[in-house]
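Participant: Put together the whole structure using the sequences plus the hints.
Order-wise, the sequence lines are chains B and G.
Here my numbering is used: the first residue of the first sequence is 1, the next is one more, and so on.
Here my numbering is used: the first residue of the second sequence is 1, the next is one more, and so on.
Just so you know, not all the hints are guaranteed correct.
[As the list claims (entries may be wrong)] Derived CB-CB ranges, DEER-like:
{"hint": "1", "chain 1": "B", "residue 1": "ALA199", "chain 2": "G", "residue 2": "SER335", "range": "48 to 54 Å"}
{"hint": "2", "chain 1": "G", "residue 1": "LEU75", "chain 2": "B", "residue 2": "ASN162", "range": "35 to 41 Å"}
{"hint": "3", "chain 1": "G", "residue 1": "LEU75", "chain 2": "B", "residue 2": "ILE223", "range": "56 to 62 Å"}
{"hint": "4", "chain 1": "B", "residue 1": "ALA226", "chain 2": "G", "residue 2": "ASP305", "range": "31 to 37 Å"}
{"hint": "5", "chain 1": "G", "residue 1": "ASP89", "chain 2": "B", "residue 2": "ASP41", "range": "23 to 29 Å"}
{"hint": "6", "chain 1": "G", "residue 1": "SER131", "chain 2": "B", "residue 2": "GLU277", "range": "26 to 32 Å"}
{"hint": "7", "chain 1": "B", "residue 1": "GLU196", "chain 2": "G", "residue 2": "LEU24", "range": "49 to 55 Å"}
{"hint": "8", "chain 1": "B", "residue 1": "ARG243", "chain 2": "G", "residue 2": "ASN148", "range": "40 to 46 Å"}
{"hint": "9", "chain 1": "G", "residue 1": "HIS51", "chain 2": "B", "residue 2": "LEU150", "range": "22 to 28 Å"}
{"hint": "10", "chain 1": "G", "residue 1": "ARG60", "chain 2": "B", "residue 2": "GLU147", "range": "19 to 25 Å"}
{"hint": "11", "chain 1": "G", "residue 1": "VAL325", "chain 2": "B", "residue 2": "ASN224", "range": "53 to 59 Å"}
{"hint": "12", "chain 1": "G", "residue 1": "ILE71", "chain 2": "B", "residue 2": "THR221", "range": "54 to 60 Å"}
{"hint": "13", "chain 1": "G", "residue 1": "VAL54", "chain 2": "B", "residue 2": "ASN162", "range": "25 to 31 Å"}
[Stated by the list, open to error] According to the in silico footprint, chain G covers these stretches of chain B (three or more CB under 8 Å from chain G):
{"hint": "14", "stretch": "203-209"}
{"hint": "15", "stretch": "357-365"}
Derived by calculation from the structure, the hints in this document are not laboratory data.
The beta-carbon is built from N, C-alpha and C at its ideal position, and this holds for glycine as well.
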Amino acid sequence: MNTHETEIAERTRETMEEMYVNMGPQHPSTHGVLRLMLKLDGEVVTEIIPYVGYLHRCHEKIGENRILTQIIPYTDRLDYLASMYNNWGFVLTVERHLGITVPERAEYMRVILGELQRIASHLIWLGTFGLDLGNFTIFLYCFREREMILDLFESVCGQRLNYAFYRIGGMPLDLPDSFVSNCKAFLEWFKPRLPEYDALMSDNIIFQKRVQGLGILDPKTAINYAISGPVLRGSGIKWDLRRNDPYSIYDRFEFDIPVGTSGDVWDRYMVRRIEMEESVKIVEQALQGLPSGDIIAKMPKKLKPPVGDIYTRVETPRGELGFYMVFDGSEKPYRYKVRSPTFVNLSVLPVIGTGYLVADLVAILGSIDIVLGEVDR
Amino acid sequence: MENVYDILSEWGLPLTVSQLIVMLAVATAILIFTAVSVMFMVWWERKISAHIQVRFGPMRVGGWHGWAQSIADGLKLLLKEDIIPAGADRLVFALAPMVVFAASLAAFVIIPFGPGLIAGDLNIGVLFYISISSLTVVGIIMAGWSSNNKYSVLGAIRSAAQAVSYEVPLVLSVIGVIMTVGSMSMTRIVEAQEGMWFVVPQLLGFLIYLTAAIAECNRTPFDIPEAESELVAGFHVEYSGMRFAIFFLAEYANMFVVSAIATTLFLGGWHGPLLPGWLWFLLKTYFIIFVMMWLRWTLARLRVDQLMNLGWKFLLPLALLNMGVTGLILVLKDS
Chain B
1 MNTHETEIAE
11 RTRETMEEMY
21 VNMGPQHPST
31 HGVLRLMLKL
41 DGEVVTEIIP
51 YVGYLHRCHE
61 KIGENRILTQ
71 IIPYTDRLDY
81 LASMYNNWGF
91 VLTVERHLGI
101 TVPERAEYMR
111 VILGELQRIA
121 SHLIWLGTFG
131 LDLGNFTIFL
141 YCFREREMIL
151 DLFESVCGQR
161 LNYAFYRIGG
171 MPLDLPDSFV
181 SNCKAFLEWF
191 KPRLPEYDAL
201 MSDNIIFQKR
211 VQGLGILDPK
221 TAINYAISGP
231 VLRGSGIKWD
241 LRRNDPYSIY
251 DRFEFDIPVG
261 TSGDVWDRYM
271 VRRIEMEESV
281 KIVEQALQGL
291 PSGDIIAKMP
301 KKLKPPVGDI
311 YTRVETPRGE
321 LGFYMVFDGS
331 EKPYRYKVRS
341 PTFVNLSVLP
351 VIGTGYLVAD
361 LVAILGSIDI
371 VLGEVDR
Chain G
1 MENVYDILSE
11 WGLPLTVSQL
21 IVMLAVATAI
31 LIFTAVSVMF
41 MVWWERKISA
51 HIQVRFGPMR
61 VGGWHGWAQS
71 IADGLKLLLK
81 EDIIPAGADR
91 LVFALAPMVV
101 FAASLAAFVI
111 IPFGPGLIAG
121 DLNIGVLFYI
131 SISSLTVVGI
141 IMAGWSSNNK
151 YSVLGAIRSA
161 AQAVSYEVPL
171 VLSVIGVIMT
181 VGSMSMTRIV
191 EAQEGMWFVV
201 PQLLGFLIYL
211 TAAIAECNRT
221 PFDIPEAESE
231 LVAGFHVEYS
241 GMRFAIFFLA
251 EYANMFVVSA
261 IATTLFLGGW
271 HGPLLPGWLW
281 FLLKTYFIIF
291 VMMWLRWTLA
301 RLRVDQLMNL
311 GWKFLLPLAL
321 LNMGVTGLIL
331 VLKDS
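Facilitator: Following this line, the structure appears as structure tokens:
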């Protein structure tokens with residue numbers, strides 16, 4: 001390097017061969033306010049440094065200053081594409097600590113709403129993944145179906161995005177009379193839509209060439225990085241908390257856990273794609289077996305959690321969502337910690353994303369399926 | 001055309017002045033046609049994409065199906081503040097959209113809309129189009145470089161690579177037609193298709209041309225220079241207001257030009273029963289534009305290296321094969 005180049009390199013930390021590019025926090029395909037510092041050699045990514053924290057809002061600290069029932073609405077804002085499931089994870093933790101048995105009907109309602117939420121969340125992922133790869137049309141198709149699920153949710157709880165619907169001990173409102181028939185009608189309508197998505201995405205040779213053999217995450221690395229959810233299953237490890245650490249009434253339902261073989265973007269795509277079908281199966285079975293009866297257990301007016309700590313985890317659409325709480329005898333948790341799946345999954349991006357082109361990095365990031373509301377709590 | 005000159009010379013105008021007047025009139029006509037046609041195409045594309053994506057598209061502005069939406073958008077862009085980034089190379093930045101637009105506008109000169117309806121029937125018509133269309137990439141590189149933005153530079157580099165790679169199969173795919181006709185004049189080529197459109201004997205050439213043409217226009221699945229999810233908007237990231245509108249105008253004008261050339265070379269130009277020639281020409285052109293829009297809203301985007309592989313390892317050998325076979329058939333026919 002001559003003196004001029006050295007000077008530039010010193011000033012900008014760049015050589016003439018490589019340059020730093022700031023991807024985000026405002027960028028169409030970082031799915032929110034994620035910022036990636038990329039070191040590019042031409043178009044090849046040689047280094048990725050993710051910066052998070054743009055959406056930090058002291059979720060855990062706020063939780064330590066609220067009584068337990070007041071925390072439920074805050075959990076909505078964690079993974080805002082799967083609010084029902086966040087509620088569930090939180091109330092389950094408290095119920096286990098207090099030793100409350102939830103009535104049968106409430107459990108069924110939780111499963112139905114939770115699995116519908118999983119479908120809605122995967123639909124958003126599928127649509128935005130299409131956007132990342134330049135396929136705009138699939139996005140609108142997915143939103144059409146998600147809209148119907150949101151309509152169902154609205155009929156149950158009046159909300160469309162942040163529900164705050166699960167309660168410690170059960171559910172606050174019963175399903176409306178029309179819900180079961182509406183839900184069945186939706187499922188009947190939804191099932192033939194999945195091959196339609198295949199026609200646009202999975203069967204398309206351009207799409208296949210774009211995602212196959214990309215961003216390979218081998219099982220060992222996946223376990224070492226504590227990856228969970230569809231990303232882990234894409235690497236071929238059959239680990240689903242609904243099966244491996246059963247909660248609620250998941251042991252009563254028949255469903256498969258799809259796993260990938262090579263751990264590339266295609267496998268992660270296929271896992272989520274098949275999971276939608278499995279969720280449909282679960283909802284159908286739950287609607288079949290929906291019992292009548294109470295929807296909320298008899299609860300004391302004031303919750304007095306006993307001294308101790310508890311960690312409980314659920315399988316959200318994005319992986320293992322864990323809540324860790326320490327109680328010191330007061331009404332508020334002494335320590336409240338959320339183990340968010342996407343924060344952990346995102347940590348593997350520098351490992352699987354380096355060495356590819358920028359276009360591939362976008363696909364790899366899309367396949368991890370992050371929600372920034374959960375990455376930064 | 002001669003009549004016009006006669007009338008003007010009767011008024012006592014020298015020939016150069018009357019030629020200038022005719023030139024101005026033709027240029028204005030082309031400019032107006034381009035503007036109106038682009039406005040229609042933008043609205044049409046929004047409608048087509050909307051119907052592919054189970055929605056309605058613009059419905060309000062102007063009443064019937066939002067027909068005035070493009071006009072309103074154009075006005076809005078005209079009234080926007082003209083922003084030039086602080087670090088930009090001001091002269092090149094301002095010049096770039098004009099270069100791009102001038103290049104796509106110049107190609108309109110050789111488009112035969114009907115018998116005699118051609119601005120300039122050059123004897124090197126096809127060659128003129130090929131050379132003038134390569135100019136676009138110069139403007140794009142100027143835009144990318146002068147913006148002083150890394151995303152713009154990446155977009156411009158991609159664009160240059162893409163244009164160079166796809167120019168070659170584009171040229172070679174057209175040669176089959178030129179060999180058959182024995183002329184590069186657009187009018188002659190159309191007249192030669194009286195009996196049979198060249199799309200039949202030159203089907204391979206047509207398909208190669210169409211693929212390369214879509215790549216020339218930077219449209220999905222080849223919209224790599226402006227890939228939204230990767231480069232935000234590629235070379236025109238820093239452009240806004242009227243300068244952005246000119247890029248937009250040029251893109252759609254370019255689309256019209258490549259479709260019109262495809263119509264002329266392969267789909268028989270103005271030939272067709274019953275309807276007048278210019279209407280047939282426009283119908284065929286807009287059909288090809290429709291196909292391009294259809295592809296855009298259905299397919300995903302290729303990756304840079306895949307694009308290069310497709311261009312050099314697949315389209316180029318095919319185009320060469322097409323040229324060789326055409327030549328062989330012509331020689332055998334003669335002897």
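Participant: Each of the hints needs a verdict: does it hold here or not?
Facilitator: Cross-check of the supplied hints:
In this structure, B/ALA199 and G/SER335 meet the distance hint of 48 to 54 Å, their C-beta atoms being roughly 50 Å apart. For G/LEU75 and B/ASN162, the Cβ-Cβ distance of about 39 Å falls inside the hinted range of 35 to 41 Å, so the restraint holds. A hinted range of 56 to 62 Å holds for the C-beta pair G/LEU75 and B/ILE223, which are about 59 Å apart. Between B/ALA226 and G/ASP305 the beta carbons are some 33 Å apart, a value that agrees with the proposed interval 31 to 37 Å.
One distance hint, 23 to 29 Å for the beta-carbon pair G/ASP89 and B/ASP41, holds here, with the actual separation near 25 Å. Against the hinted window of 26 to 32 Å, the Cβ-Cβ separation of G/SER131 and B/GLU277 comes to about 55 Å, which falls outside the hint. Take B/GLU196 and G/LEU24: their Cβ atoms lie about 54 Å apart, and the range 49 to 55 Å holds. At roughly 55 Å, the beta carbons of B/ARG243 and G/ASN148 sit outside the given window of 40 to 46 Å.
Under the hint 22 to 28 Å, the C-beta atoms of G/HIS51 and B/LEU150, about 24 Å apart, fit the expected range. At about 21 Å, the CB distance of G/ARG60 to B/GLU147 agrees with the hint of 19 to 25 Å. At about 58 Å, the CB distance of G/VAL325 to B/ASN224 agrees with the hint of 53 to 59 Å. A hinted range of 54 to 60 Å for the beta carbons of G/ILE71 and B/THR221 is consistent with their spacing of about 56 Å.
Between G/VAL54 and B/ASN162 the Cβ separation comes to about 27 Å, which falls inside the hinted range of 25 to 31 Å. With 4 residues having a beta carbon nearer than 8 Å to a beta carbon of chain G, the stretch 203-209 of chain B meets the requirement of three or more and the stated coverage holds. Judged by the Cβ-Cβ criterion of 8 Å, the stretch 357-365 of chain B is covered by chain G as claimed, because 5 of its residues qualify and three suffice.
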